[in-house]
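**Student:** Below, each chain spelled out in residue letters.
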Amino acid sequence: MTGPVNLIRNQFVEELKNSGFTARQIVVADESRACYGYDATRQSADPLLVLLPENREQVESAMRLAAKRKLKIFPRGAASGMSGGSIPSNDGIILSLTRMKRILEIDQENMIATVEPGVVTGELQEEVSRLGLFYPPDPASLAFSTIGGNVAENAGGPRAVKYGVTANYVMGLEAVLINGETIRCGNKCIKSVSGYDLTSLLVGSEGTLAVITKILLKLLAAPETVKTTLLAFSSMTTAAHAINAMFKNQIAPSTIEFLDHHSINAVRDELPFSLPQKADTVLLVEIDGTTTSVLSQSQKLKELFKDDALLLIEAQNESEREQLWTARRRLSPAIANLAPHKINEDIAVPRAAIPTVITRLEKLAKKIALPIVCFGHAGDGNIHVNVMLDKDDPDQAQRGHRAIDEIFTITLELGGTLSGEHGIGNTKSAYFDKEWNPPTIATMRAIKQAFDPDNLLNPGKIFPDPEI
Amino acid sequence: MITSPWQQELKKCVKCGACMAVCPIYRQTGREEMVARGKLNLIERLDDNNELPPGWVEAVDYCLLCCSCEENCPKGVKITEIIANARHRQTEQLGLNPIKKSAFTLLKNRFFSLPKFLKIGFWIQWLLWRRLPRHSGLVRRLPLPGLDDKTVIPALPRQHLDDFLKKRQAAPDLKPVLYFPGCATRYLYPQMGLDLLYVLERLGFQGVVPKELNCCGMVTWGAGDQKSNKELKQRNLEIFRKHSDIKEIVTGCASCGHALKEYEDLPEGCEILDISEFLFRHREKLEEMVGTDRLEKKITYHDPCHLRKGQGITSQPRWLLKLIAGENFVEMRHPERCCGAGGTFGISHKEISRKILAEKTHDTDATGAEIVTSGCPGCLLQLTEGALLTDSKWQTKHPISLLADLLRKGKR
Chain C
-12 MTGPVNLIRN
-2 QFVEELKNSG
8 FTARQIVVAD
18 ESRACYGYDA
28 TRQSADPLLV
38 LLPENREQVE
48 SAMRLAAKRK
58 LKIFPRGAAS
68 GMSGGSIPSN
78 DGIILSLTRM
88 KRILEIDQEN
98 MIATVEPGVV
108 TGELQEEVSR
118 LGLFYPPDPA
128 SLAFSTIGGN
138 VAENAGGPRA
148 VKYGVTANYV
158 MGLEAVLING
168 ETIRCGNKCI
178 KSVSGYDLTS
188 LLVGSEGTLA
198 VITKILLKLL
208 AAPETVKTTL
218 LAFSSMTTAA
228 HAINAMFKNQ
238 IAPSTIEFLD
248 HHSINAVRDE
258 LPFSLPQKAD
268 TVLLVEIDGT
278 TTSVLSQSQK
288 LKELFKDDAL
298 LLIEAQNESE
308 REQLWTARRR
318 LSPAIANLAP
328 HKINEDIAVP
338 RAAIPTVITR
348 LEKLAKKIAL
358 PIVCFGHAGD
368 GNIHVNVMLD
378 KDDPDQAQRG
388 HRAIDEIFTI
398 TLELGGTLSG
408 EHGIGNTKSA
418 YFDKEWNPPT
428 IATMRAIKQA
438 FDPDNLLNPG
448 KIFPDPEI
Chain Y
106 MITSPWQQEL
116 KKCVKCGACM
126 AVCPIYRQTG
136 REEMVARGKL
146 NLIERLDDNN
156 ELPPGWVEAV
166 DYCLLCCSCE
176 ENCPKGVKIT
186 EIIANARHRQ
196 TEQLGLNPIK
206 KSAFTLLKNR
216 FFSLPKFLKI
226 GFWIQWLLWR
236 RLPRHSGLVR
246 RLPLPGLDDK
256 TVIPALPRQH
266 LDDFLKKRQA
276 APDLKPVLYF
286 PGCATRYLYP
296 QMGLDLLYVL
306 ERLGFQGVVP
316 KELNCCGMVT
326 WGAGDQKSNK
336 ELKQRNLEIF
346 RKHSDIKEIV
356 TGCASCGHAL
366 KEYEDLPEGC
376 EILDISEFLF
386 RHREKLEEMV
396 GTDRLEKKIT
406 YHDPCHLRKG
416 QGITSQPRWL
426 LKLIAGENFV
436 EMRHPERCCG
446 AGGTFGISHK
456 EISRKILAEK
466 THDTDATGAE
476 IVTSGCPGCL
486 LQLTEGALLT
496 DSKWQTKHPI
506 SLLADLLRKG
516 KR
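Taken in order, these protein sequences are the chains called C and Y.
Under our numbering, read the first sequence as residues -12 to 455, first letter to last.
Under our numbering, read the second sequence as residues 106 to 517, first letter to last.
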């Protein structure tokens, strides 16, 4: 590190200490900083400094002091993100919010939880479930990702088809602006139309507008029971028709996961049940609610598909339910065996377009001569597309890169979006202007400018050019 | 240059963060360098020629080797293997901690051996420590460096398991199984070993305990002393080979079982079994023997990490406890969470170990049980300290001791 940078850091640390930061909340040591610069995308950059604030006042001081010195701030939750949303620059400061992890209130009358951003999503779910309440969003990382990160990325999950995504549960926020001032938006009211909806604006803003310090979350009554059914179909098209038929017949599954035929072949040998050879698409359907409604809906499901489905297994108890889910859970490690690396995108399309996407991706796979494995959330059109390759082979790497370009083209042509639940971050920002036209991006930029005129908050994310 | 298999293993980590959900140390510290993906990140960054920075050493040191992260890792990264190898590298460069070094010398020395040392220890203990009411541990009488007045150390027995076994008669009509008691049972809890042998006998088996058996090697492996580890393993394997007509080797110690199952060159057809696995194989006979007798005390169970996460054993001990106590066996919340002992971690990192223990004690208290059981002497010692710290009334027992008591009672 060069002299002047070191000097600036030392002065800044002094200022932080004078404003109430303790030595334990300021991380300077090389080895410690090195562990706050990565996320699940395998990118990494050592930040200049890591701060571990424990309350809003400290977040305010940190941001006020950093902005004065024009130092960049990178908010960070559990850093389990899949789009590089929390990756810092070497001259930036990581603001780790994992120490702000109190559940401040569970208001049972209004069914609203008030939490700090560092609360782990799964721990909140466990706490509210002890009171018979339910916080539905279920990103795969829920056992370790934080609510703050979920809100910043607007995380989804398999239950989105019935319950929606994180945004549908955020009633209000408290957030600190880059100048150290605090804004409050939203409230506990179901109806609330007073001014611009800043809550919705901040949800999914990937830490580029403000640092969230408090979140009001809507809760539901916990469903009495859940029933899991596995169905196999001879083609993606018949499976898609089946999904449509469910909705038309007033079956409201909480989850509809699908596996394409590559996925099926990858896990077939590991399944505790046998799948017909002709099975091309597998659906994993969950129905939850009151016991009577679940019973009548699953009855209807069985009647509807007794002819079309090649296989229909209904779980009778928890261990059978686990067995059905093995198909989905074994998938990631199983497809990892197909090639040394994978490029994983999480495109989303309108539900009806799923069969077309799958067909076009199969053609693409043949063209670029790399396997493309698809699975994901068929109920909400969010597809995890995995291009399997060896990145150490320059030719394959180049073909993989071309494949991603074409995957996005196909997705956007069908009315889809670059990311269903991972966010744009820095991994998809280069494609951002493929999805939105210049006036739209200019409007987004104007919003960013209004919040953060010097581009100090999580720079390099979302927008194609880092210098706005 | 990254060359060795464990350095290749490092590359499998994708930094997804799943280890954060289960790491007991991350739970207490909230620091990234204290969780597996942080440690692996630091280990990966240094190539073979780098000098080890103090932060690196500290991060590698802060690990209980409880395997929680490993069990939860979607990529199946062999994390504890990596940590042990990193510690090996550390000892190569910076030398082994002098206390551990002398302890391991004792473990390996055949002349001034560990049992002799511990026998002298008995008299020193008698002077400096006092016995705990209700418990099998000791606390200090006078101020001693590094130990506060709540630190429980095991009460060193006057007689070791080996002394009791000298007087034992071999029963010729019983089928032999090899019993690997492990150091803790041999020198600290001999009654536990006698209980296990009694249960075996009642089932029709003769527990053969070759007195030349060595430490399983777990403690040397965890400390990064690969040379001692290899030596201890080789000596044990020699003994196993000598008795290769006996195919089943049982142990009542979770850590020994975990270590032994990792031995690469076990004699052909030879099998390592935790005592709960062994008993489950003979469940029909055991169930018949126990009949309707049940322990009339509420009991609960703590999963030893090296049993649950190290060997994947969860249902057999629970079957056994239900057999012993029926409805009186209750689960605690989070039975899978580490107790914070981690071999010598509880001594070297007392503050954080106690924080982990406090949660375990809380969960144990909440069950209202009179006895907390666990299939690991290390966990039992730590739980005893937990009871003392919070003035809790429960006792700590190995399930095998409860079973032996029940069978003895039934015979009367």
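Think of the hints as simulated: they come from the structure by calculation, not from any bench.
Fair warning: there could be bad hints in the mix.
[Claimed, not checked] No more than 27 Å apart at the CA atoms, straight line, and that leaves these computed lysine-lysine pairs for DSSO-like:
| # | chain 1 | residue 1 | chain 2 | residue 2 |
| --- | --- | --- | --- | --- |
| 1 | C | 88 | Y | 455 |
| 2 | Y | 116 | C | 378 |
| 3 | C | 329 | C | 293 |
[Stated by the list, open to error] On the chain C side, residues computed to face chain Y include the following (Cβ under 7 Å):
| # | residue |
| --- | --- |
| 4 | 67 |
| 5 | 259 |
| 6 | 263 |
Don't be surprised by glycine CBs; every beta carbon is placed ideally from N, CA and C.
**Student:** All hints, please: hold or fail.
**Tutor:** Going through the hints against the structure:
This hinted pair checks out: residue 88 of chain C and residue 455 of chain Y have alpha carbons roughly 25 Å apart, not beyond 27 Å. Of the supplied pair hints, the one linking residue 116 of chain Y and residue 378 of chain C holds, its CA atoms being roughly 14 Å apart against a limit of 27 Å. Pair hint residue 329 of chain C plus residue 293 of chain C does not hold up; C-alpha atoms about 37 Å apart against a cutoff of 27 Å. Proximity of residue 67 of chain C to chain Y holds as hinted, the smallest CB-CB distance being about 4 Å (cut-off 7 Å).
At a threshold of 7 Å, the smallest CB-CB gap from residue 259 of chain C to chain Y is about 17 Å, leaving the interface hint violated. With a cut of 7 Å, the hint placing residue 263 of chain C at the interface with chain Y is violated, because the nearest CB-to-CB distance is about 29 Å.
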